[in-house]
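S.K.: Next come the chains, spelled out residue by residue.
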Amino acid sequence: MPTILEAKMLCKTFSTGSIQQHVLKNLNIQIKQGDFTVIMGSSGSGKSTLLYALSGMDRPTLGEIIFRDTMISQYSNDKLAIFRRSHCGFIFQQIYLNETMSILDNILVSGLLVCKDRKTISRRAKELLSQVGLDDMCYNKFPSQLSGGEAQRVAIVRALINEPEIVFADEPTGALNSENATNVLDVMTKMNEKGQSIVMVTHDIKTARRANRILYLKDGVILDECNLGPYKKDDKNRHTNLHEFLQKMGW
Amino acid sequence: MKLKKWMIGITFFIVGLYLLTIGYLMDQTVSKLDISQMNAIVKSVEKHLLKGDAISDTKNTITVSHGIDFEVILCDDPEYDKKNYQGLASRATIMDIKNGETMIGKVIFPLDTMAVDSYRNHLLRMSTLLFGCLLLFVWGLGAFFYVNFVWPFINLKSFAASVAAGNLDLPLHMKKKNYFGAFTESFDLMREELKAARLGEFEANKSKKELVASLSHDIKTPVSTIKAYCELITVKSKETDTVQKVQIINEKADMIDHLISDMFHATLEDLTVLKINGKDELSTILNDMLEQLNHFKKIHIVTPIPECLIYCDALRLSQVIDNIINNSYKYAGSKIEVTTCIEQEYLKIAFRDFGEGVEECDLPMLCEKFYRGKNSSNTSGSGLGLYLAKQFMEGMKGSLDIYCDQGFVVTLYLRLG
Chain X
984 MPTILEAKML CKTFSTGSIQ QHVLKNLNIQ IKQGDFTVIM GSSGSGKSTL
1034 LYALSGMDRP TLGEIIFRDT MISQYSNDKL AIFRRSHCGF IFQQIYLNET
1084 MSILDNILVS GLLVCKDRKT ISRRAKELLS QVGLDDMCYN KFPSQLSGGE
1134 AQRVAIVRAL INEPEIVFAD EPTGALNSEN ATNVLDVMTK MNEKGQSIVM
1184 VTHDIKTARR ANRILYLKDG VILDECNLGP YKKDDKNRHT NLHEFLQKMG
1234 W
Chain P
1171 MKLKKWMIGI TFFIVGLYLL TIGYLMDQTV SKLDISQMNA IVKSVEKHLL
1221 KGDAISDTKN TITVSHGIDF EVILCDDPEY DKKNYQGLAS RATIMDIKNG
1271 ETMIGKVIFP LDTMAVDSYR NHLLRMSTLL FGCLLLFVWG LGAFFYVNFV
1321 WPFINLKSFA ASVAAGNLDL PLHMKKKNYF GAFTESFDLM REELKAARLG
1371 EFEANKSKKE LVASLSHDIK TPVSTIKAYC ELITVKSKET DTVQKVQIIN
1421 EKADMIDHLI SDMFHATLED LTVLKINGKD ELSTILNDML EQLNHFKKIH
1471 IVTPIPECLI YCDALRLSQV IDNIINNSYK YAGSKIEVTT CIEQEYLKIA
1521 FRDFGEGVEE CDLPMLCEKF YRGKNSSNTS GSGLGLYLAK QFMEGMKGSL
1571 DIYCDQGFVV TLYLRLG
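Residue numbers (our numbering), protein chains in the order written: chain X, 984 to 1234; chain P, 1171 to 1587.
Possibly wrong hints are sitting among the right ones.
To be verified - When the alpha-carbon atoms are kept at most 20 angstroms apart in a straight line, the in silico SDA-like pairs for lysine to any residue are as follows: (1) K1449/P x V1006/X; (2) K1376/P x A1366/P; (3) K1201/X x L1586/P; (4) K1201/X x R1585/P; (5) K1449/P x S998/X; (6) K1468/P x E1401/P; (7) K1268/P x I1243/P; (8) K1201/X x K1449/P; (9) K1518/P x N1011/X; (10) K1449/P x G1000/X; (11) K1449/P x T999/X; (12) K1449/P x D1202/X.
None of these hints come from the bench; they were simulated from the model. Note that the structure is predicted; figures quoted are calculated from it, not measured.
Throw the hints in and build the complete structure from the sequences for me.
M.R.: Okay, structure coming up:
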């Protein structure tokens, strides 16, 4: 599989006055197309910072980020916004649905930013909603009428509406109970099986088990990585492998 | 040692006394009879008896002449057997009186020489034992005295000597039970206090020297900048008055430079390390450092500096680069090419000038303290620049390489953060 996203000598430094804090240090990462990559690490290790830098939501202090063959770290703010909109999907812990719009409208707003054909977008939205297990009953519901898990699945549909090449997820199951979390993760696994590249940050071991590649971040450096292979349900080996890896990393 | 002399004296005294006693005892053995004397007596008794003298007369005359008491008994004496047995019972010495081949009587010497001998021997043994015990007791007393009273002082003496010699780590071991335990303990306390004071003084001195060393080197950097601008003004200004004054400034800056160098030398002699506070820095600081030194527009950055985090002490790194660039200005005066690239765990920075370089034999020594190349006799300098640069680089977990290749090349390896 070709490399879809690459970071070279990525550094992120936060400065307050004369005090500099280096959160990411000389990171070199390659993300292959179709991979489900999970970034793990203790709190404060720079997981989210890395995700935001990779996705173009934040600018790295030093280093290059190459998406396919273009260096996005040199893009202007406007160009970067357009890039994000058409190539990336985002899922967060907080769901960020617009409370004053129906579910369908919430999705269409994102879609119409890229594609002007309302019909196509609407058709794709409905298709995706049925894929994540939401039927036409909820098209006109408002976010407050949904459960956390349903709302997060709507957010996933919104992230996928523009057929992004890569989806970034920051603790997507962090605010959900375990049943809803499993539903959401099943949706993500299904997406990945269809070839969707995903980069996800988590510190939940159950969530991490879905990935086929785990990067362990510590003090802004990738300590090691672990390749788990494609996900199969109830795979004991996968679980022990992951456990051993995390234990070795001192998780 | 006084005690030893005393002991030897006492020993000699006791041994003398012992010998005196023995001598006296030996002298008391006057009553000892020997066989020859007894034989002589027997023979003279025989002679007298054969002459027909009476027994009593014979006995008297011989007793007088020999001074020994004895008894003569003849075989025909009715008490012969009885006396003979008595003599044997009392362990007297009995000898025969013979007339030709026949025995006519006996001479009985009532002295028991064996008994006297054994008695004397007994006395000798006793006195030997007594004097031996006395000697042992005296030596024991001496040893006790030595261990308990003299030894602590000897110990104290060597302790004081070692303290005086500056060895403050050796503790004074003394048991509390010892008579001087408490006394010596206070000595040990004194040592510890002295050690703490010495250490404090050393630390204070060291930090003072470090401060002077780092300050003096830090002062040199701005002074060299002042000098550079002076030269620039001298070249560019057209007013002779300004040029003259600027030259004065330049000379004064030179003077400051020299003074600082002297001060630096004095302190560096004692210091092997200057403090380095390494931390992660953005590689972009290199651009600023090079720009600040680019007074003569001679520095050409050939490849853009790769963006990364490097482990360094920004101040020390700027001093390292300052030293390298100023060396090049001083000895080569050509343009300087700076190339950078990432090699595994290191950021490699190469500074290349196009001067004459240095002689091959100078290369291994150039980074030594106070070493200056053979072609340096016409230029001022302390021979410390590259030495310090190397020290600093090693302190930052990096390294510094030098070689000649169409000019002089200095390569810095900086660890990535």
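S.K.: Name the hints, by number, that the structure is in violation of.
M.R.: none
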